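Novice: Based on the hints, put chain E in the right spot on chain P.
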Amino acid sequence: MAQTVLTFITKIDPGKVTQLTTLLEQIESNQSSNPFVPFASLKGLHFASFVIFDDGDCGPDLVFENNFDGALDAYLEDLLRHAGHGLHGIYSCCLGYTATGSYDRQKMTAYLRAHVVWPNAYHIGNVGRGAERIHQETTLRDRIEVFLDDLVTDGKIDEPLGSLRQRIQQFVSDDPSLTWAINVRPRQTIIEQFTPWAKIALVAMCALLFLPVLIPLAIVSVIVLRRHEKLDPDQFRPVSSAHVQHLAKREDRIVQNHYAGIFRVKPGWFRRVTLRSVLWVANLIARTSTRGKLMGIPSIHFAHWSLIDEGRRLLFLSNYGGSWGNYLDDFIDKASTGLTGIWSNTTDFPPTRFLVLDGSRNGPRFKSFARDKQTATRVWYSAYPDLTVQNIDNNSAIREDLFTSLDETAVRSWLRRF
Amino acid sequence: MAQLEHHDIQGFLLSSYGHLPCATYLLLRISDVASSRQWLARLTDEVRTAVAVSKAEREQEVFSVNLALTHTGLSKLGLDPAALATFSLAFQEGMAAEHRARILGDTKDSAPQEWHWGNADNPVDILLLVFARDEDALEAQLRQRRNDIVAARGIQEVSALSAGRQEDTKEHFGFADGIGQPVIEGSGRLSRQLDRTGHATVLKAGEFILGYVNDYGVVADTPSATGMPDFGRNATYLVFRQMAQHVAEFWRFLDDATRRSDGTSDQAARERLAAKFVGRWTSGAPLVKYPSGDPHAGTSTLNSENDFEFYENDGHGFACPIGAHIRRANPRDALGPDSQTALQSAKRHSILRRGRSYGHRLANPFVEDGTERGLHFICLNSDIERQFELIQQTWINNTTFSGLQRETDPLIGNHDKTDRLFTVQDDPLRTRVSNLRSFVTVKGGAYFFLHGLRALRYLGSLKDSIFHYQTEWRDE
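Heads up: the sequence lines are chains P and E, in that order. Counting from 1, one number per residue, gives the positions in the first sequence under this note's numbering. Counting from 1, one number per residue, gives the positions in the second sequence under this note's numbering.
For reference, chain P alone in the conformation it holds in the complex:
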């Protein structure tokens, strides 16, 4: 099942920011049973967030982030059925909203549709696994683990590998509550797997075809880029302690954390075009990532980049596993090139060369930049707060190989998944 990643971005009525903030606080303080947005009732939802960005001359904006299963239509219907009341309260604080009550589904739907922002680039850590499937596979693994504990206690582990595996298969088949485990749908259809590579091949072919035009264009671009890089102001303003405290206090409550930030794109059409192109390429490549890693970073569940305000600002949202410090270190140690290629087009980023060099490799300064641009998430929901991308992949693999025919080596590595 494919996942959809998008945001609804609306302008907040400046006079109603406080009212909205209070409402969002109520939701956040009681996520599981608040009467406004009962996230857990939305079965296909993975991660969601509400962030208020007040960016001086641009704000205030409300960003409602959604990472869910299936297509927008069905999700919107589900969303309004369960959270119509709360969303009406929330969007009553926003400009251009005309519905008079949560009964007015048509107007609410139209409003939300009109404010959908599709990401320019996005990443999904556990491609093709729906929220329900993730929950089921966690249960399956937990159940088998307990069964294995008994096998160990009973001294059954000296049996041949085959019969060990048979016992596990038997255990699952015999349990009527686990019958769903037997039939596994593939994570992606053949077409879903094939399409991203086909697109890349097509792009490569076009590039080859237009090489005579592209080479001079590239040379000119590099010259212009270097000029820009030399002229970009290099002013470093360390992030304030108060801001970091404000952010850190909300973090590290569950296995995952959330990052939300809006970045100003450097002035001029050149940077806007460059960033749009980089994101386009990044998205092309990100679609081929089916093993949980984004540029070598193994911890990201959902991340998206959206150009907003005609490309003048870049919205970045990320739902990642582990601590902020570790996440940023991964960015620096493993994905410097990619992230520098993107963020070097935004203001206050550490100086770069040739778009992707230097930049985030100046670790302390990059971290200060990343914290400075981060905005506290008002409401943040995770459907599986105990799991990392790796955990989910491992649980899927346990189930996918449970009833397939495996040779001895494969059985051995399957058993290592527990």
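By construction, these hints were calculated from the structure, which means they are not laboratory data. Keep in mind that this is a model prediction, so the values were computed, not measured. Check before you lean on any hint, since a few could be wrong.
What the hints assert, rightly or not - Only pairs whose alpha carbons sit at most 27 Å apart, straight line, appear in this in silico DSS-like list of lysine-lysine:
hint: 1; chain 1: E; residue 1: Lys417; chain 2: P; residue 2: Lys249
hint: 2; chain 1: E; residue 1: Lys170; chain 2: E; residue 2: Lys347
hint: 3; chain 1: E; residue 1: Lys443; chain 2: E; residue 2: Lys108
hint: 4; chain 1: P; residue 1: Lys293; chain 2: E; residue 2: Lys347
hint: 5; chain 1: P; residue 1: Lys249; chain 2: E; residue 2: Lys443
hint: 6; chain 1: E; residue 1: Lys443; chain 2: E; residue 2: Lys170
hint: 7; chain 1: P; residue 1: Lys293; chain 2: P; residue 2: Lys43
hint: 8; chain 1: P; residue 1: Lys11; chain 2: P; residue 2: Lys107
hint: 9; chain 1: E; residue 1: Lys289; chain 2: E; residue 2: Lys170
hint: 10; chain 1: P; residue 1: Lys16; chain 2: P; residue 2: Lys107
hint: 11; chain 1: P; residue 1: Lys249; chain 2: P; residue 2: Lys16
hint: 12; chain 1: P; residue 1: Lys249; chain 2: E; residue 2: Lys108
Specialist: Positioned in the frame of chain P, the structure of chain E alone reads:
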């Protein structure tokens, strides 16, 4: 390679003073600023620097004094707010700050409210580290230090934490400790560490000493003060945690977990599981190299062969479990995406360990004797968040470390939650130990700054120029 300014660096930064086996850490609080400054100015002349001494001189050395301050200490001595704001946020907030306690795993019994010192009830300004050659010399030193403190009349002793001479280099659970230690580039200690353990990681001076180039190839921001822009040069952050170890509880838990089906104790299985918890046999021999037994079992020889990698030599954790203490505390090449990147990345989260055990060895490791014992954990690093705190949060107390679930460090992790596990990977099937308990309780702690000598003199010479600096602390 960086030329270290040994005359300005405190000796404790470069040496753990192995030749001075007796130590007491005096925790002090300032109540009068002017006299505290005078005391500090006098003391600074006696602070041991890192200037190299000959072997003969070292053998003659009787004692060594070093000194570090907390953020409140610096504030009371009169460092202005602008200067105080140039220190790392972790240091400014302190170890007991609510969200720091959360990431460090200091909850329930280990929560700052329960601490003996370092919390809001019993704050600390100064850490005076006194090391001596023997008990008598330590006693004499302490007498002199206390006389000075009493004479200064502006300083109170909050606590005296003694780290007495231990019979061997084992910590209280019974394991050889202090084997792995990074080497500072330019410190001349590479060959020593290689001789001792067969393994050494050389790191840029800036990882441990402020004002030098670090592993990112830059000089990180260093605290500065009015009139002394390089105030933080040659200094480092000192992390202190008093960690009580529940030795009998540890061994009884292991004993229960490894009993035979007839209910009798199985010594070999118990010691094996203990080794699995740690990742080393009690002699220090690493499981990665000696998976089946301790090469020095029953002898007093310590084994410190430390040249191994986890992913290269034991990728599945069949020898040293994925969640074992040493694999969490320093994952070396284990965390991917490939060995080289992982090693490079892990290097940036190194600490210099300077801890010493306190309390007497428990006579019968299965029977508690009602006295407290443990480790005065001290580590040094130039970036508390990236080094000490990351290790503690992302590795030690991370319930999903390296793909695991519901596990924290079996030895020193926080096991408040009742369902904490420890998985011992094996071929063909793992075993799991369940319901782990916390075998360590934090009893106190603070983040200190181990200044350079010039900075200490600067502090000692501060004058009350602006009125509110004086009143700020009196109002508390």
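Novice: Does P/Lys107 lie within 27 Å of P/Lys11 when you go C-alpha to C-alpha?
Specialist: This hinted pair holds, its Cα atoms lying about 17 Å apart.
Novice: Given the proposed pairing of P/Lys249 with E/Lys108, does the C-alpha separation stay at or below 27 Å?
Specialist: holds, 19 Å
Novice: Regarding the pair P/Lys293 and P/Lys43, is the alpha-carbon distance no greater than 27 Å?
Specialist: Judged against 27 Å, a Cα distance of about 25 Å means the pair holds.
Novice: Are P/Lys249 and E/Lys443 close enough, with their CA atoms no more than 27 Å apart?
Specialist: Given pair P/Lys249, E/Lys443 holds - Cα atoms ~23 Å apart, limit 27 Å.
Novice: Verify the proposed pairing of E/Lys443 with E/Lys170, using a straight-line Cα cut of 27 Å.
Specialist: holds, 21 Å
Novice: Are the Cα positions of E/Lys170 and E/Lys347 separated by 27 Å at most?
Specialist: The hint holds at about 25 Å.
Novice: Hey, E/Lys417 versus P/Lys249, does the alpha-carbon distance stay inside 27 Å?
Specialist: holds, 22 Å
Novice: For the pair we were handed, P/Lys293 and E/Lys347, check the Cα-Cα distance against 27 Å.
Specialist: The given pair, whose Cα atoms are some 22 Å apart, holds under the 27 Å limit.
Novice: Straight-line Cα separation of P/Lys16 and P/Lys107 no greater than 27 Å?
Specialist: holds, 21 Å
Novice: For a C-alpha distance cap of 27 Å, please report whether E/Lys443 and E/Lys108 respect it.
Specialist: Holds - the C-alpha atoms of E/Lys108 and E/Lys443 are around 11 Å apart, at most 27 Å.
Novice: Within 27 Å, alpha carbon to alpha carbon, are P/Lys249 and P/Lys16?
Specialist: This hinted pair holds, its Cα atoms lying about 25 Å apart.
Novice: Checking one constraint from the list: CA of E/Lys289 to CA of E/Lys170, max 27 Å. Satisfied?
Specialist: It holds: about 20 Å lies between the C-alpha atoms, which stays within 27 Å.
Hint violations for this structure: none, all hints satisfied.
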